[in-house]
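The opening residue of the sequence shown carries number 0 in numbering that gives the first Met the number 0; numbering runs sequentially from there.
A couple of the hints might just be wrong.
As the list claims (entries may be wrong) - Here are the simulated BS3-like cross-link-like pairs (lysine-lysine), alpha carbons at most 25 Å apart as the crow flies:
hint : residue 1 : residue 2
1    : K309      : K477
2    : K39       : K137
3    : K224      : K206
4    : K263      : K137
5    : K287      : K359
6    : K206      : K39
7    : K396      : K519
8    : K263      : K287
9    : K547      : K477
10   : K293      : K359
11   : K293      : K263
12   : K14       : K39
13   : K137      : K287
14   : K547      : K527
15   : K527      : K477
16   : K263      : K309
17   : K263      : K359
18   : K309      : K293
Just so you know, these hints were derived from the structure itself, not from any lab.
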Amino acid sequence: MAKINPFQGGDGIGKRLLDGGFVNSEQVEAAREVALSSSKELVDVLLEQGLISIETLASILSLEYNVPAVNLASIEVQTEAIAMIPAHIAREQRILPISVEGNILTIAMENPGDLQVISSLSSLTRKQVKAVVPVGMKLNDAIDRYYRLIGEIEQQLSQVVGVKTAKETTEASADLVKEAPVVQAVDMLLTQAVRDRASDIHIEPQKDYLRIRFRIDGVLHESLKLPQGVHSAILTRIKVMAGLNIAERRRPQDGQFSVTVNNKPIDCRVACIEGDYGEMAVIRILDKSVLLLKPSDLGMYPSTLQPFEKLLGSAFGMILVSGPTGSGKTTTLYAALSQLNASEVNIMTIEDPIEYRFDKINQIQCNRLAGITFAVGLRAIMRLDPDIILVGEIRDKETATTAVQAALTGHLVLSSIHANDSISAVIRLIDMGVEPFLVTSAVLGSLSQRLVRRVCRSCSTTSEASPAAAMAYQAEMKEERRDFLYGHGCNFCTRTGYLGRVGAFELLTLSDPIRRLLTKGASASEIKAVAMQEGMVGIRHDGMQKAKDSLVTPEEVLHNVFTIL
0 MAKINPFQGG DGIGKRLLDG GFVNSEQVEA AREVALSSSK ELVDVLLEQG LISIETLASI
60 LSLEYNVPAV NLASIEVQTE AIAMIPAHIA REQRILPISV EGNILTIAME NPGDLQVISS
120 LSSLTRKQVK AVVPVGMKLN DAIDRYYRLI GEIEQQLSQV VGVKTAKETT EASADLVKEA
180 PVVQAVDMLL TQAVRDRASD IHIEPQKDYL RIRFRIDGVL HESLKLPQGV HSAILTRIKV
240 MAGLNIAERR RPQDGQFSVT VNNKPIDCRV ACIEGDYGEM AVIRILDKSV LLLKPSDLGM
300 YPSTLQPFEK LLGSAFGMIL VSGPTGSGKT TTLYAALSQL NASEVNIMTI EDPIEYRFDK
360 INQIQCNRLA GITFAVGLRA IMRLDPDIIL VGEIRDKETA TTAVQAALTG HLVLSSIHAN
420 DSISAVIRLI DMGVEPFLVT SAVLGSLSQR LVRRVCRSCS TTSEASPAAA MAYQAEMKEE
480 RRDFLYGHGC NFCTRTGYLG RVGAFELLTL SDPIRRLLTK GASASEIKAV AMQEGMVGIR
540 HDGMQKAKDS LVTPEEVLHN VFTIL
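Hey, can you work out the whole structure from these sequences and the hints?
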């Protein structure tokens, strides 16, 4: 918030808040003490404590200064207006230029009564400044949304000279990467990716240019097209940050580094490989908030969550999590570990790579050069008195056999496996060569999952589904329905209509009848029929139930769940 203290000097804003019953005098006095001790403004403290909302304060400001309120979540901000105010001024003064019509520049600001700022902006732009109060979206978020760093990245890289192609000499690249423009450009790229909620940054040299894409909510979006001449400098800078060999381009490499973006520590994982037009790289941005998740935060309905948590409470046995790449298996396994993590148990993991580092959990990295594979690491862990073991992925017979033996000898084993559904995950262990009676004795349950984009709640309205999606919904839910909730694009969701993702789940619990079927070599369809009779909720049904509950669209379920199975 701007520097406003409405409770001193008989300020009308404070009187309106008190008269309106939004706060009482006791709350004001308590907040005033916090403000004095922390050198914060009183209004900031009231906002932080949840005693007033941004919308309430905006309404009061609008009445006090007789200026309109503007919903930043829905309006279209003019690029011409953004261009009139430099980014550093917008951030420093907490303002957002919205539109320019003739001689009038409309600006959203948190304190429309600050005549000094209005006068300065008028002198800067040579326009008459009209102030409005922002509502519907935090002003800082809106500033980040519109003052993207893409232009500044291009400006920094325009200063890079001396490297014409991605195949220039290592010496030239090493010298060039020390220049401030390249360093700042890569830092800005990471900052923009974090602001855009990207999970991955793709750096891909093309024939005539360098393409940079962000993966947001599972979908790739092209963010930048740069001259090919900056490719080598950018790749070298990233490899230096990740501790990779800048002279090696023929062999794949991977590494990690950490940065701080907006005072928030961010871990990044880098993978590089030589392509047709030069070396490409993907930077995985690891959100540490995953470490705070529990299974109940993943979007499981009680019909899946309760039996899954019951499985996690078992003293020994194996729990499998399956799904294709990018379906959130690691997130689910880490959420399970987060719930199980306690000082009374020894939790050990063998991973390739370690994506997130837990406190009080012993994590081991696979290292093929040192001979530490999943199987070797797992056998070593067995001699270290573990209670709970996480195997990053079961890929071969040796790992599968060792994991099953660990589950049968008094350990709770969690692992991921690539399979299309929960039943196929168990059958795959048998296909790898593990004896069926060992698999059925060890495995407690198998969870299959997919990630589906959530409907943006800020711009959602009811609309008619496509014929294919409506037919799929009817076939799965045994009811006819045409209208569902759809996001139509706003400033919260970058005009996509989607904001975040939620899981669709299917949990198979191995009962005695299912164990007998597996031992006899029954087909997946036979096993599924019995599991459904026992109450298993299929992944398709779970996804369409979320569409029914207006969390996702039936089209997203059709695309991400139906077409895979």
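Okay, the hints, checked on the actual structure:
1. Pair hint K309 plus K477 does not hold up; C-alpha atoms about 30 Å apart against a cutoff of 25 Å.
2. Taking the CA atoms of K39 and K137, the gap is about 18 Å. The hint holds against a cut of 25 Å.
3. As the CA atoms of K224 and K206 are separated by approximately 12 Å, the hinted pair is consistent with the 25 Å bound.
4. Between K263 and K137, the direct Cα distance comes to roughly 18 Å. Compliance with the 25 Å bound is thereby established for this hinted pair.
5. This hinted pair checks out: K287 and K359 have alpha carbons roughly 16 Å apart, not beyond 25 Å.
6. Distance restraint check for K206 and K39: the Cα-Cα separation of roughly 53 Å exceeds the 25 Å cut-off, and the hinted pair is therefore not satisfied.
7. For the hint pairing K396 with K519, the CA-to-CA distance comes to about 20 Å; that is within 25 Å, so the pair holds.
8. Between K263 and K287 the alpha-carbon distance is near 10 Å, which keeps this suggested pair within the 25 Å criterion.
9. Annotation: proposed proximity of K547 to K477 holds, straight-line Cα distance about 12 Å (limit 25 Å).
10. For the suggested pair K293 and K359, the alpha carbons sit about 16 Å apart, so the restraint of at most 25 Å is met.
11. Between K293 and K263 the alpha-carbon distance is near 21 Å, which keeps this suggested pair within the 25 Å criterion.
12. With a CA separation close to 20 Å, the supplied pair K14 and K39 stays within the 25 Å bound.
13. Taken as a hint, the K137 and K287 pair is honoured in the structure, with Cα atoms around 23 Å apart against an allowance of 25 Å.
14. With a C-alpha separation of about 24 Å, the suggested pair K547 and K527 falls inside the 25 Å cut-off, and the hint holds.
15. Simply put, K527 and K477 have alpha-carbon atoms about 19 Å apart, close enough for the 25 Å limit, and the pair holds.
16. With a C-alpha separation of about 35 Å, the suggested pairing of K263 with K309 is violated against the 25 Å cut-off.
17. Straight-line distance between C-alpha atoms of K263 and K359 comes to about 22 Å, which keeps the hinted pair within the 25 Å bound.
18. Between K309 and K293 the alpha-carbon distance is near 14 Å, which keeps this suggested pair within the 25 Å criterion.
Hint compliance for this structure: hints 1, 6, 16 are broken, all remaining hints hold.
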